[in-house]
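Make a model of the complete structure from these sequences and hints.
Line order of the protein sequences matches chains C and L. Take any residue in the first sequence, note its place counting from 1, add 15, and you have its number in the numbering used here. Take any residue in the second sequence, note its place counting from 1, add 1382, and you have its number in the numbering used here.
Incorrect hints may have been included.
[Said to hold, decoys possible] Pair ranges (Cβ atoms, derived): (1) GLY111(C) - LYS1491(L): 38 to 44 Å; (2) HIS1420(L) - ARG88(C): 23 to 29 Å; (3) LEU56(C) - LYS1458(L): 25 to 31 Å; (4) ALA1398(L) - ASN99(C): 20 to 26 Å; (5) LYS1463(L) - PRO76(C): 22 to 28 Å; (6) ASP66(C) - HIS1420(L): 18 to 24 Å; (7) GLY1413(L) - GLU45(C): 15 to 21 Å.
[Claimed, not checked] Okay, derived cross-link-like pairs now, DSSO-like style, lysine-lysine, Cα gap no bigger than 30 Å in a straight line: (8) LYS86(C) - LYS72(C); (9) LYS18(C) - LYS1450(L); (10) LYS1458(L) - LYS33(C); (11) LYS1439(L) - LYS1458(L); (12) LYS33(C) - LYS85(C); (13) LYS85(C) - LYS72(C).
[As the list claims (entries may be wrong)] Counterexamples of contact, computed for chain C against chain L with all Cβ distances above 10 Å: (14) ASN46; (15) LEU58; (16) SER97; (17) LEU105.
Everything labelled a hint here was simulated from the structure, so no lab data went into it. Where a beta carbon is used, it is the ideal one built from N, C-alpha and C, also for glycine.
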Amino acid sequence: DVKVTQSSRYLVKRTGEKVFLECVQDMDHENMFWYRQDPGLGLRLIYFSYDVKMKEKGDIPEGYSVSREKKERFSLILESASTNQTSMYLCASSPGGMVWYFGAGTRLSVL
Amino acid sequence: GQNIDQPTEMTATEGAIVQINCTYQTSGFNGLFWYQQHAGEAPTFLSYNVLDGLEEKGRFSSFLSRSKGYSYLLLKELQMKDSASYLCAVKGNAGNMLTFGGGTRLMVKP
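Structural data, given as structure tokens:
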């Protein structure tokens, strides 16, 4: 079974902290994605990556950055967390075509 | 740009049939997906349509009309475990990305 693992299910951080959300997939997928999910707004794409060291902005990249040093790992970074970044963050990976696999999500609260 | 609309909430009775609609306006189209997401869990794949018509998979069916920018997910013989959010997503022309609607929260009552 494909596994997309997000390092934390719940995180509580303070405003201004630097926050790292980690995502690891075990199926050698080239494509990885970070979404945030908010009630009524669905999943919105923050950043994605097609290959190691490659990144592309999604629909809402402001306030976020990403890192993909190894194929299996895609990290989302909040340089200076703010309360409006309180959300559920979902990582996904895909080999291409019509197949996507999602992690269980990290619920981040910024106080 | 992409715009995908679906109802926010629906309620149905155990054993009944429910249809969840999704309309989309996109700059390109390479397929429409339906995902199921139980509270606190990852979205899981339900169906994929790229050509017009109905795709049936057990109790779940999905329909697509590309000319109308319209899809629906049909759930038959509803069970309590079908209470979940149902996410409609479109794959556009711009690379290997999915754009999601806001999701429909379905509550199944006894």
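So which of those numbered hints doesn't the model satisfy? Going through the list in order, the structure violates hints 4, 5, 6, 9, 10, 14, 15, 17 and respects the others.
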